[in-house]
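Residue numbers (our numbering), protein chains in the order written: chain V, 1 to 31; chain H, 32 to 263.
FYI, nobody ran anything at the bench for these hints, they're computed from the structure.
Don't be surprised by glycine CBs; every beta carbon is placed ideally from N, CA and C.
Check each hint, because a few of them may be wrong.
Unchecked claim - Per label pair, the in silico range of CB-to-CB distance:
#: 1; chain 1: H; residue 1: Ile-148; chain 2: V; residue 2: Ala-14; range: 40 to 46 Å
#: 2; chain 1: H; residue 1: His-84; chain 2: V; residue 2: Gly-3; range: 32 to 38 Å
#: 3; chain 1: H; residue 1: His-84; chain 2: V; residue 2: Phe-7; range: 38 to 44 Å
#: 4; chain 1: H; residue 1: Leu-164; chain 2: V; residue 2: Ala-14; range: 20 to 26 Å
#: 5; chain 1: H; residue 1: Gln-147; chain 2: V; residue 2: Ala-14; range: 21 to 27 Å
#: 6; chain 1: H; residue 1: Lys-161; chain 2: V; residue 2: Phe-7; range: 20 to 26 Å
#: 7; chain 1: H; residue 1: Pro-92; chain 2: V; residue 2: Glu-13; range: 38 to 44 Å
What the hints assert, rightly or not - Taking beta-carbon pairs under 7 Å as the criterion, some of the chain H residues facing chain V (in silico):
#: 8; residue: Ser-66
#: 9; residue: Thr-68
#: 10; residue: Ala-69
#: 11; residue: Arg-72
#: 12; residue: Leu-206
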Amino acid sequence: MDGVKKFYDAVYEADLPVKYGGSVESFEPRT
Amino acid sequence: MEKCQVSEDASVLEVGCGMGYLNKCHKNWRGVEYSSTAVRRAKELFGQNLRIHQGDARQLPVETGSIDFLFSFATVEHIPDVELAFEEIGRVLRPGGIALIAAAWNCRPWTVKKLQIRPYSDLSLADRLKKALVPVRNHLAWRALFILPGRIKRELLLFFRRECGLDYKKMFPDLSLNERFPRISDDDAFVSIDAHAALAYWVSRGWKSVSHPGFFQRVMVRGEEIVVLKNY
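The task is simple: from the sequences and hints, build the whole structure.
Structure, rendered in structure tokens:
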């Protein structure tokens, strides 16, 4: 799980959630 | 909040809250986020007093039976051993509490390998075949063919009042692919879980499905959020 945590830390450090619109806005419901 | 009739004095927990963008949705909002970087940045954004905690959804840093309303957006599909997170939701909610789970249900297995965007030349023979079949496997009729039998099986278990385990498929995202290819939605999902499996898990434990109260609604659930109430 350390690798997973590092990955998400890097995602947030790099502002990726903001670019992708954040955890809620980037949510695309499956149909 | 209004739809779920969350009272003003309710204790509210968001699981997988990211940078806490939804912290203003309720005055008693609390958030748990796995990434310590996100927690730090959330506090930089919204102030050090923000009630956000670094923690694992499979071991929530929250007292048993202390939460009135728990919600989670686009999180459960990213949790390996997700059944542990479901157990934790059951533990922290008080009887009569409500959980709203909005997830990317039924994440596609090819997404974690980014087959949609990788060129054929980058793929093994097996993955080339999988990439070629993506349009077929993504077709609603094809997916229904594989999803419906599981739903019927779980409905039978519910009918005979048997407990349903949490059905899901493990996925193995290759996080290193992000160095070579753009990110796509849910390429980092660790589980593919059907919304019906989540509903059946709770209903078989005596919870009430608020969002999908009957057989027909449950069997036809698609990508929408699910809302369940923990019985007294």
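Hint check results:
1. H:Ile-148 to V:Ala-14: 40 to 46 Å: Violated - the Cβ-Cβ distance for Ile-148 of chain H and Ala-14 of chain V, about 19 Å, lies outside 40 to 46 Å.
2. H:His-84 to V:Gly-3: 32 to 38 Å: violated (22 Å)
3. H:His-84 to V:Phe-7: 38 to 44 Å: violated (20 Å)
4. H:Leu-164 to V:Ala-14: 20 to 26 Å: violated (33 Å)
5. H:Gln-147 to V:Ala-14: 21 to 27 Å: Taking Cβ atoms as reference, Gln-147 of chain H and Ala-14 of chain V lie about 22 Å apart, which means the hint holds.
6. H:Lys-161 to V:Phe-7: 20 to 26 Å: Given a distance of about 23 Å, which is inside 20 to 26 Å, the answer is holds.
7. H:Pro-92 to V:Glu-13: 38 to 44 Å: violated (23 Å)
8. Ser-66: Constraint on Ser-66 of chain H satisfied, holds at 4 Å.
9. Thr-68: holds (4 Å)
10. Ala-69: Where the cut-off is 7 Å and the nearest Cβ of chain V is about 4 Å from Ala-69 of chain H, the hint holds.
11. Arg-72: For Arg-72 of chain H, the interface hint holds, since the closest Cβ of chain V sits about 6 Å away, which is under 7 Å.
12. Leu-206: It holds, given that the least Cβ distance between Leu-206 of chain H and chain V is near 5 Å, below 7 Å.
The structure shown violates the earlier hints numbered 1, 2, 3, 4 and 7.
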